[in-house]
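Starting from the two chains in their separate frames, assemble the complex, guided by the hints.
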Amino acid sequence: MKRFRILLTWAPLCAALLIGCERGGTPEDGKPSATAATASTASGTSPIEDYRKERMKEAMRGLRYEKGYVELDPEQAPAIGEEVRNETYEGLLSKGRTELDSGLSVEAIGTFTRAVIHSPQLAPAYEALGDALITKGRVNESQAAYTSAMGVADDSAELRFKVAQNIQRSGDLDGQIAAYGRVLELDPNHAEAHSRIAIAYYYKEEYAAAWTHTHEAERLGGVVPPQFRGMLSAKLAEPTN
Amino acid sequence: MRRSTSMMNRNGRLAAAAAVAALSGWASAQVDVGPQVRIDVAGGTFAANETTMAASDGNPLEIVGAWNDWRRSGGNEVINMGVALTLNGGVSWTDFLVRPPQANQSGVEGDPMTAADPRTGYLWVGAISFAGNGGIYVARKAPGAQNFEASVMARTTGGADKCWMAAGRAHDNPNATRVYIAYNEGVITSTDMGQTWGAPRSLGSGIGFLPRVGPNGEVYVAYWDFGNGVLMRRSLDGGTTFGNAIRIATRLDTWGTQDGSRFPGNMRVPPMNYIAVDPNDGTLYCIYFDTTNRQNNNYNVDLYFCRSTDRGDTWTTPRVINGDGNPPGDQFWPWFEVDAEGRLHLTFFDSRHTNQNDNTTNGMFDNYYAISEDRGDSWIEFRLTPNSWNCNNDGLNRGQQFIGDYNGLAVAGDVVYPCYLSTQNGDPDIFTNIITVGGEPQPGACCFRDGSCADLLREDCAAQGGTWRFGTNCGAFSCPQPGACCLNDEDCASLIESECLSSGGTFLGEGADCRNACPCDAIKKFRARCKDNGEIVAKVVYRDNSHDGEFVTISVDSQNFNVIVLNGKAKLFACCYTGGHTVRLVDPGCFDPIDVGCP
Chain A
154 MKRFRILLTW APLCAALLIG CERGGTPEDG KPSATAATAS TASGTSPIED YRKERMKEAM
214 RGLRYEKGYV ELDPEQAPAI GEEVRNETYE GLLSKGRTEL DSGLSVEAIG TFTRAVIHSP
274 QLAPAYEALG DALITKGRVN ESQAAYTSAM GVADDSAELR FKVAQNIQRS GDLDGQIAAY
334 GRVLELDPNH AEAHSRIAIA YYYKEEYAAA WTHTHEAERL GGVVPPQFRG MLSAKLAEPT
394 N
Chain B
829 MRRSTSMMNR NGRLAAAAAV AALSGWASAQ VDVGPQVRID VAGGTFAANE TTMAASDGNP
889 LEIVGAWNDW RRSGGNEVIN MGVALTLNGG VSWTDFLVRP PQANQSGVEG DPMTAADPRT
949 GYLWVGAISF AGNGGIYVAR KAPGAQNFEA SVMARTTGGA DKCWMAAGRA HDNPNATRVY
1009 IAYNEGVITS TDMGQTWGAP RSLGSGIGFL PRVGPNGEVY VAYWDFGNGV LMRRSLDGGT
1069 TFGNAIRIAT RLDTWGTQDG SRFPGNMRVP PMNYIAVDPN DGTLYCIYFD TTNRQNNNYN
1129 VDLYFCRSTD RGDTWTTPRV INGDGNPPGD QFWPWFEVDA EGRLHLTFFD SRHTNQNDNT
1189 TNGMFDNYYA ISEDRGDSWI EFRLTPNSWN CNNDGLNRGQ QFIGDYNGLA VAGDVVYPCY
1249 LSTQNGDPDI FTNIITVGGE PQPGACCFRD GSCADLLRED CAAQGGTWRF GTNCGAFSCP
1309 QPGACCLNDE DCASLIESEC LSSGGTFLGE GADCRNACPC DAIKKFRARC KDNGEIVAKV
1369 VYRDNSHDGE FVTISVDSQN FNVIVLNGKA KLFACCYTGG HTVRLVDPGC FDPIDVGCP
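Taken in sequence, the protein lines are chains A and B. One point on numbering: in this note's numbering, the residue at position 216 of the first sequence is 369, and numbering is uninterrupted. One point on numbering: in this note's numbering, the residue at position 439 of the second sequence is 1267, and numbering is uninterrupted.
Check each hint, because a few of them may be wrong.
[Unchecked claim] Every beta carbon over 10 Å from chain B, so not counted as near; a handful from chain A, in silico:
#, residue
1, Glu219
2, Gln229
3, Thr241
4, Gln321
5, Glu358
[Stated by the list, open to error] Taking lysine to any residue and the SDA-like style, the derived pairs with C-alpha atoms no more than 20 Å apart in a straight line are:
#, chain 1, residue 1, chain 2, residue 2
6, A, Lys357, B, Arg1122
7, A, Lys388, B, Asp1152
8, A, Lys357, B, Asn1124
9, A, Lys210, B, Ala959
10, A, Lys206, B, Asn1124
11, A, Lys357, B, Asn1121
12, A, Lys388, B, Asn932
13, A, Lys206, B, Gln933
14, A, Lys206, B, Asn1125
15, A, Lys388, B, Pro1155
To be clear, the hints were calculated from the coordinates, so they are not data collected in a lab. Idealized CB from N, CA, C, for every residue including glycine.
This is chain B alone, in the form it adopts within the complex (with noise of 0.2 Å):
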């Protein structure tokens, strides 16, 4: 592994360019790193830890975070989940909390996860609430949306530990999602964008149980077997069944749950396993931790990587792939995610930068970003806090030190937003970077709610109200186009899918027009006519009687009249017109007008 070098600029950044690549023999990509951003501001000087971040090229300037949060603690602990998020691509940031149903609420609900659509661009974020009548508890927000909706119970159990999601292509359908939780219980599927949830598809006994979609919805689950597999099981047929169990690798060493013995300070380090896959051409990575060599009686803990081309059946070697000091320092929690590119980028904690015992309490850490550009052979790293943070300042006053079990990172287009804590201002604290991989910035297909479509840079994008999409244009890309939407209160609306669920409507399809059939309406049919004697008649039935006591507005040329439903019908009878007219049903709006003509 090659050490990498890195230069800071005059804007306080760290950039890597082509010089710097050539010295390290390292591929070209421009790295540019910006500087620390607190997310958790909100969360003042309150503890905060086990981070997790998502975004997808689907919405790339929508990034959300999450994080165990203790700001509502007083003289006791009190646990939720801090959310952070950017709706124009981590320009700024608001944090707050995100709760179950007020039913399951507890003082602890903890371990959060989040998960992006790249087809929608929806978000997730969820966590546990630990008690008996808690469990796994999930929000989503559409594109667009400036907050996430209500929480919904995905699983109510008392015995629910650590849960992990992800969101994905169906493996049926190119133009659906199925959105996965894996935990310790197993695997629960949603197929309708994560308001309701299927039964748990036990994995069998394990812990860190990590969901991943691949391009053709195919779905990965990593996990750790307490003992030294790193295993990985595979669903080729959405959820519903799942291979045996296949073995990624080998560990050399292990520990327990609770054990931190083999680093510095005194907090747990559970050695979970992580995967991604390469959304285009479906290669899968994993990513975990193990001890290499012992020095001094000190454990040298290293990043290991392996790569599977066939869909995990067969691995690479693993192989060390961090950088390190000397003497050596720890690296671990690794999280990573594949860009549309293909290129690797992670996220991990290392002690590198102080020599430092195991048995010590104060255990100094920094976190660090990687990137990969050629699928895992070599990597340049950057380091992203300015100084050491002591694990001992984790805002907690327990016998054992708590920083979490695990880091975050999300990708979207070309930028990076790694998440982690870190004490370096004295108390736990959360942080992102914005980290831009790339040249210049190119335009890209942006997409309007009307379904027009204009290349614009970004941050143009955004201004506009538009949805980004990276790496594309508009000749490559279609955007979504507006269909009939039927909504809850059986009125119908022209709007694009993301839209439209997001409202808890039925979308109808790309084009269905409101005008037309409307099977959303309530109503079955519409009839006009004009009699003889120059009377329009116009008749709206209803598909039954539970809409009594209400008008519809119906209007001949522009004259509005209100008729009431009666026995499942509403008649308008009109008089007295000569020659043609339009007959309307303005509300609901689900009809075409009819033209009569009278004598």
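Bound-form chain A, shown alone (with noise of 0.2 Å):
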């Protein structure tokens, strides 16, 4: 089957957008054991993980995401694109979205991976995939799903602003202002983009750049939270010009 020949590799995308793509799990520290009462399962994780992780596991099943882009799993995508063959992927599109907005975000997760490996040329489902992804934790991966649909799409405004907001999440306050400072390449007049950059110069504590961007939002009709006002304001009176 031709679709399963597609590899997705937009690693230098990674590198150009500053965003992490070589990340994996969830990180350990080696905490040892508490008291004598501790509880554990084998594997040292907690049921409750696994019953969830099992979900995930199988809702997640079809497609890899550790090189920081959405591949398919050539051990399983196929079986899955013969299960979706006479499915539609709109269909596929419309069933997921309806499912995450009903709260079913493990089975948007599901559905918007089938839709993937039914088409995994069409971008629409990896932004889906990515917008489920993120309902569950998962960044890293709705992080990989976003680049890749970035990868077999036009480039658009709200994708690097989805993909800037999960550098926001991760704390990179420079990858945020410069992911921001991406849709703004796209879209000058994105009003939001100005106000989460002036946000991050406030935590960076740089703050003239902050009211720059506050004033850049607020002139373009969009608006910083009106608590930040004062907050910037706290720490640097506001320019008159």
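The following block contains the structure:
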């Protein structure tokens, strides 16, 4: 099947966007056992995580994310492709969006995964998959999905904005500023991008730059969070010009 | 934000009095913080976390707390919902597990929630059984009952995540209660005190859906959109429909649900949002936590507060309400309630007492209580934990620490009960404090089962088996009156509504008399007459033949006769009498006695 030979390689894009493409799972720091009453599973994870992990594992089956972009799993994807062969791409997208809007995140991830496998050359399922993954705290995988969406489709400011939001979640202030800056490259009138850049500069204690982007956001008809103005003013009086 | 000053009195309590208030410019409430009380005693040293607690003015001596409980764990983790219950205002507690129906049980039953109904004094606990045949389960307790009833499945689903619940008056009937559970799939509603539940009404994508009920039955559900949105949706028709999302606030910072990188320790800290409603005027309040700034690569996370006086249409600008240390610590997982006097009571975790970096494994935390008497404009804080505790002592052997996802607090009358995890003893335990707000104890209306009322102090009311009402007296408050209660065995009893419902009965209304028309009874008619020959004939007519073979008891004066039911009827022929006599249907006893005259 031709579609399964498509290999999505957007590592250069990862580097260009200053996003981490090599990240793996949840970090573990080798925490020692706490008390005599410590309970553990054989694997050292909780059954609550096992249960959810099993559901997520099944939902995500068929795609791989380790390289920072989405790849078809050569062992799993062909069989899933056969399963969805008689379904339409649009139908899968619609179903997944309904599930996501109903709070059924895991089900939505499963459906969007199948949509990607159905038509890996199309971007919307990657983007939707990225949206769904973030609802389960899967920031790295979400970023990989957005990266793949950017790789197979025309670039868009909104997709770049989602990428920037994930970088914001990671706490990388410089990366955040750069990523929201890339939103402005495509849409210079994106007020919220200016607002987010202003907040990042505030956290970096670069208050003058924070004011600049605050004013830009407001000039474009957007608003910064109302509490932010007061907080910024407490650090640096608002420039008059 | 002013830093509060606390004083330790001779009883080991923290007290804030007028002098302190004057010093800080704060308002006038007297706050007496009792010592810590551990409430998961039977859990031993096993892990416990993720607390919740509920109580109400409708039944202020009965308080319930719940948490994730690992007491059944052996080599592997087994998680259940631990529950602590007091029937005497926190003087003594018992703790136990509440599990779903057997068919829906699993090795992981968690995400506990509680609710209390201020109208009836009912309590609920509930949680999620995380399994394919699991879902959301709840159990209720009637006022005065010693135990919770058997749990019921509110929603059977393998995909449920974080639920919270609330109870309050129905939007269309001040004398009816509706119970709500909000979770990732939407809001489900019960109109029969939590026995049966409807299908979920989706609120869209989000997490941490927290329902609250306003004084007129309006329903508010706050949630987080996984991004910058602190959101809320509102229903004015009892949860049947919800309006569009309302933005309470916009976060400056955000992080993923599994991320705790903004905090000391190695646990996740999901940034969910919390609302509460003033039970008198419906003022809405919101508290959430967000990054205020970064210092030396450490995030300074604070509690942000805002308020709405138009049912959530508009909100004040969020502002930080917590005190802090230098360098600043993090404040997170707030839970707050508004009491009948409009005072706000808040509890939260706090890292201010230890100078520590966000990347430390051994995160040190305390628990705090704060009160505001001026609608959130100013707060006074109390440290509840004697020493900071180490989050690494979570009692679990996982790759990532876990100390739950939230805290709890209940308020009943002028007494506040925070509910929180602390590892101060080297293992994770659940604590509360009895925090009394106000001056000298005042008597309140104490309602008894027969509908009578006496103005008593809270403790005296409890000792006499009454139900105490905060902030009112018998002159101003009408105690629930007994009425006919149709029971499952088709008997009728005169009970107050809460007792009737807890007995599984149907309440026919206050003052309804069992001796009169009793629709609960399967009997259609009861007739008696005396024939000319002095034979008394009494007839009981059932509505159908389902009682054939059973006996009814009919008395003539004081003499009882057991009469079999055949073809839906029981007939008594008793001979022979003269003069006047009284014929009574003794069992079932739903009808007025009949006087008959014989020749």
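Hint check:
1. Glu219: Consistent with the label, Glu219 of chain A stays out of reach of chain B, its closest Cβ about 18 Å off (over 10 Å).
2. Gln229: Non-interface label on Gln229 of chain A holds, nearest chain B Cβ at 21 Å vs cutoff 10 Å.
3. Thr241: The assertion about Thr241 of chain A holds, with a minimum of 23 Å to chain B.
4. Gln321: Label violated. Min Cβ-Cβ 7 Å, cutoff 10 Å.
5. Glu358: violated, 8 Å
6. A:Lys357 <-> B:Arg1122: Answer holds: Lys357 of chain A to Arg1122 of chain B is near 7 Å, not above 20 Å.
7. A:Lys388 <-> B:Asp1152: Roughly 18 Å separates the two Cα atoms, so the pair holds.
8. A:Lys357 <-> B:Asn1124: Roughly 10 Å separates the two Cα atoms, so the pair holds.
9. A:Lys210 <-> B:Ala959: holds, 15 Å
10. A:Lys206 <-> B:Asn1124: Judged against 20 Å, a Cα distance of about 36 Å means the pair is violated.
11. A:Lys357 <-> B:Asn1121: With Cα atoms ~8 Å apart, Lys357 of chain A and Asn1121 of chain B stay inside 20 Å; holds.
12. A:Lys388 <-> B:Asn932: violated, 55 Å
13. A:Lys206 <-> B:Gln933: Since the Cα atoms of Lys206 of chain A and Gln933 of chain B sit roughly 19 Å apart, the hinted pair holds (cutoff 20 Å).
14. A:Lys206 <-> B:Asn1125: violated, 32 Å
15. A:Lys388 <-> B:Pro1155: Holds - the C-alpha atoms of Pro1155 of chain B and Lys388 of chain A are around 17 Å apart, at most 20 Å.
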